[in-house]
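Chemist: On the provided structure of chain A, position chains B and C as indicated by the hints.
Below, each chain spelled out in residue letters.
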Amino acid sequence: MKAYNFTPLLLALILLMAAAVIPLFADGYWLSIAVTAMMYIALATSWALFSGPTHYISLATGAFFGVGGYLVGAGMSDYQISFWTMAAVAPLVATVLALLVGLATLRLSGVYFVIFTLGLAEMIRNLVSWVQNNFLGSRGLYVLTDFTDADIYWMLLTVAAVVFALGWWISRSRLGFALRIIGSDEQVAKHVGINTAWSKVILFMVTGYFAALVGAIVAPRYSYIEPNVVFSPELSFLVVIMALLGGIHRLWGPLIGVIPFTLIWEGITISFPNYTTLFLGLTFLLIVYFTPTGFAGLLEKLVKAVRQ
Amino acid sequence: MGRRTFMKRLMEGATALGIVSFLAASAIAGDTIKFGVVAHKTGPLAGGEAVTHTPNIEMWVKQVNARGGLNVDGGKKLIEIVEYDDKTNPGEHIKAVQRLATQDEVDFMLSPYGTGFNVAAAPIYAKYGFPLIAVSAITNKIEELSKRFPNMFFTLGNTTGFVEGVRDTLITMRDSGTIGNKIAMVNVADAFGIELADTARPILAEAGFEIVYDKSYPLGTPDISPVIKGAKAAKPDAFVAWSYPPDTFALTEQAIIEDLDVKVFYTAVATAFPAYSGKFGNKIEGNLGAGGVNPDTPAMQNYRKEHKELTGKVPDYWASATYYASLQILEQAIEAVGTVDRSATVDYIKNNSFDTVIGTISFDENNNSDRYWSVGQWRDGVFRAVADTGMGDSVPVVEKSGW
Amino acid sequence: MDIIISGLLLGGTYALIAMGLNLQYGVARIMNLANGEMLVLGGLAAFWLFVFAGIDPFFTLLLVAPVAFAGNWLIYRFLMAPLVRRSKNQGALDVDSILATFGLSFALVGIMVSVHGEYFTYSFLADPLSILGTTVAVNRLMAFIAAVCIAGALYCWLNLTYAGTAVRAVSVNAEAAGLVGINVAKISALAFALGGAVTAAGGTLISTFITLDASIGVVFTMKALIIIIMGGIGDIRGAIIAALILGLVETAVATLIDPGLTLVAAYVIFLLVLLLRPQGMFGRRTT
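Going line by line, the protein sequences match chains A, B and C. Residues 1 to 308 (my numbering) make up the first sequence, in order. Residues 1 to 403 (my numbering) make up the second sequence, in order. Residues 1 to 287 (my numbering) make up the third sequence, in order.
Same shape as in the complex, but just chain A (with noise of 0.2 Å):
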């Protein structure tokens, strides 16, 4: 084994420790700005955990980070559980709906994967708002604690700083070295008996537990859980268009894909508050025509041309 190289680990540290005292300096704004980047960091890496290297696009984050946050929603406000024994057990049951979805998804390919896991992201909304109204007989779940944005940042900063750290574990282990010969080529991959069943569908179910756990972090703050705002297609596509900007290739690419997209999205929504929509889709078509590497290629672009 070569000798390891201590300088990206060490990089790592400084952005953490970094990434950790932002909340001291920052005041409101920025700091929400900062929540909502870190909860996407948080998302976007641990989705490419899986669509990095299998190359499978999956619409199931909102899905579980809806079940994520309305399980704490639904336990403290029913039943009086506290916000920590939810926030533990919600990623469970995420994680075990991951198992299910991923066996199942295992003939699925190309296309019919990504619309498989939106189909399965809308049943899901609309299972849990039946068994809502015809069992729990909710009066409203309300989130109330004490937590502020600072509080939050700081769990979410956790959960990125674990989803980095288990990526890093998952490149140099076996899991990893499989998964990079299924992306390559799956048919070569079963003929050298690896078991690309089980790779996949672990890590489909970390995938599943990260976008619960930040689901259920983020809860707090939204302060009262609907079905419907917290099961969001739309979040499901956001991570994958910040991910894919940024590159699944390599662990940093979703970070340099949230990052410029959450100020460019600000950017355009203080510049044109009566038309932030029109004016966030074409910037959209903007970044996807003149983009075409996303913001990693860019960035290479940028190095290349700094160090000639």
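For the record, the hints were derived by calculation from the structure and aren't laboratory data. Treat the hints with care, as some may be off.
Covered by chain B, according to a simulated footprint, are these stretches of chain C (three or more residues, beta-carbon under 8 Å) [to be verified]:
1. 64 to 72
2. 123 to 132
3. 141 to 151
4. 236 to 243
Partial chain B-side listing against chain A, Cβ under 10 Å, derived [what the hints assert, rightly or not]:
5. G74
6. L78
7. E80
8. A101
9. T102
10. G116
11. A121
12. N140
13. A191
14. E195
15. S401
These numbers come from a predicted model, not from an experiment. C-beta atoms are modelled at their ideal positions from N, C-alpha and C, and glycine is treated no differently.
Modeler: Chains B and C alone, transformed into the frame defined by chain A:
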């Protein structure tokens, strides 16, 4: 121009625009009093906000500025509205409120549309001391919320009151012999509908009603005919739907087509919208819905006239007037305090009563104004209140006779 | 009986929503997430012309279809074709087209909101009619009949004309079609434009009985995606049959079990179909 340069220019341009709008905003800060609004211009709640909130803000600003502005600091300051679009996304909403508070430095905020958004925004409004006069928010947690957020006020009551209005109307109809005991109740499978249905079941049972058809339907159901057919088959005396705008329209249309023979037909949100009577004309004579107003007071008549004149749009017959009243309350409180002082304004709102388009409003120890019209009925093109909590001026309800 | 008739009518509505996207993805290979917004545009046109000018939606249909055809042709030519040209494989094109049409959908929503931010709903042919003992709404019936006509016309065109056969060839294998002299780019543009026209026409028709607003497009896009994948990409019959099955299932569940489970049941059927046939009902096994 290379791609890299283009992207760089684009981002510079966007930032520049952002900076320019900040500067422009702060340049006239001295002469104006700034109110921030985070609106749903797109997304599932956009349709409702466009009818109930947005025109009221436009109208109020025009009226106040036409007489020179608000009386503060010994002179008059024009109102300036700083508005952002949250696309009906709570995360965006929170960011926008923060932005308005810290970057745009607004003096006051106007309340958002939707229970969830009022609750999500409450902590931030509380942090910066903004009074939050919630209108489009119906929640059973008024006491707990006002304890946590002492600057939050409630104007349209709680879920229980909302349901009790319907129950009382049903009891009146039963006592007069118009209807029997059988109720068909449906609800939209969204937080609002689920909560109302859940609250309604024990309340109606206690009042001696029998719910013969009790189903929910998903938000966005394209074909609601099975629901109406099912309700019809249960032979109810009354039909109650805790519904949202798209399904309110759909249920009513299907009821007309199926000729649902009930003497009481109630749909919740959007029954009070101008689009409802616009679509159905006089077929909705006798239909019941959430809200209703007393249209005969001079204040109300004037309000409706000016709304149409100043904005080109007709107000709805429910929360529109209440939202306008909340603006009046804010205006009166700010002028009474005499200067931009949020906590003094909050205290003033707590401790005083206000003369508004919906009558005299004051808030109790839970920051709740428990005076509102809960059920309205379409009568001759006007959606009149037939049930209220403390307003005292509802008209008696009549039966619906056919479509 | 109730269930069958209402279910078929609902299926017809779904077919109107999905057929256009089937052409756009099956042939032009563009995953058009702005499909729902195109539908709503058709509805907005009908609403406006009906409420402000008293024009019959069926007449608006004659206006909407060609305008949507031209508009979508332009969209393909200037927005989508560059993506097709630079994509090395279908996966990359899927990604690019998802991103671009997502942006397009935002842009269209933004435009519609500026035009009319409230709900658009009007009453047209909302009269009852009794068919075999079931009460149906005339507007839904008309939409069903229109759906049948459009589906029939499309099917005939695809199978009996030269251009239609070329379109089918491209949907099976674009490369091979190019080899036999078919101008794939032109055919793709044609299919995309036609798909857009069908969708907008569908929007005009369903606006007579469904309340729309500027932001509701995404719901229809998702429904259309489910239908075309369930039916299998490429074959128009797949989309139509999937739509009818969903309509029947949803109505059956709403009547016999619980209306709250309609969409759950629809998605369960969708998931089951894909589990049993991963390429959709009429789809070809992807290599």
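Chemist: Would you mind marking each hint as holding or not holding in the structure?
Modeler: The hints, checked one at a time:
no.: 1; hint: 64 to 72; in the structure: violated (count 0)
no.: 2; hint: 123 to 132; in the structure: holds (count 4)
no.: 3; hint: 141 to 151; in the structure: violated (count 0)
no.: 4; hint: 236 to 243; in the structure: violated (count 0)
no.: 5; hint: G74; in the structure: violated, 31 Å
no.: 6; hint: L78; in the structure: violated, 19 Å
no.: 7; hint: E80; in the structure: violated, 13 Å
no.: 8; hint: A101; in the structure: holds, 7 Å
no.: 9; hint: T102; in the structure: holds, 4 Å
no.: 10; hint: G116; in the structure: holds, 4 Å
no.: 11; hint: A121; in the structure: holds, 9 Å
no.: 12; hint: N140; in the structure: holds, 6 Å
no.: 13; hint: A191; in the structure: holds, 4 Å
no.: 14; hint: E195; in the structure: holds, 5 Å
no.: 15; hint: S401; in the structure: violated, 32 Å
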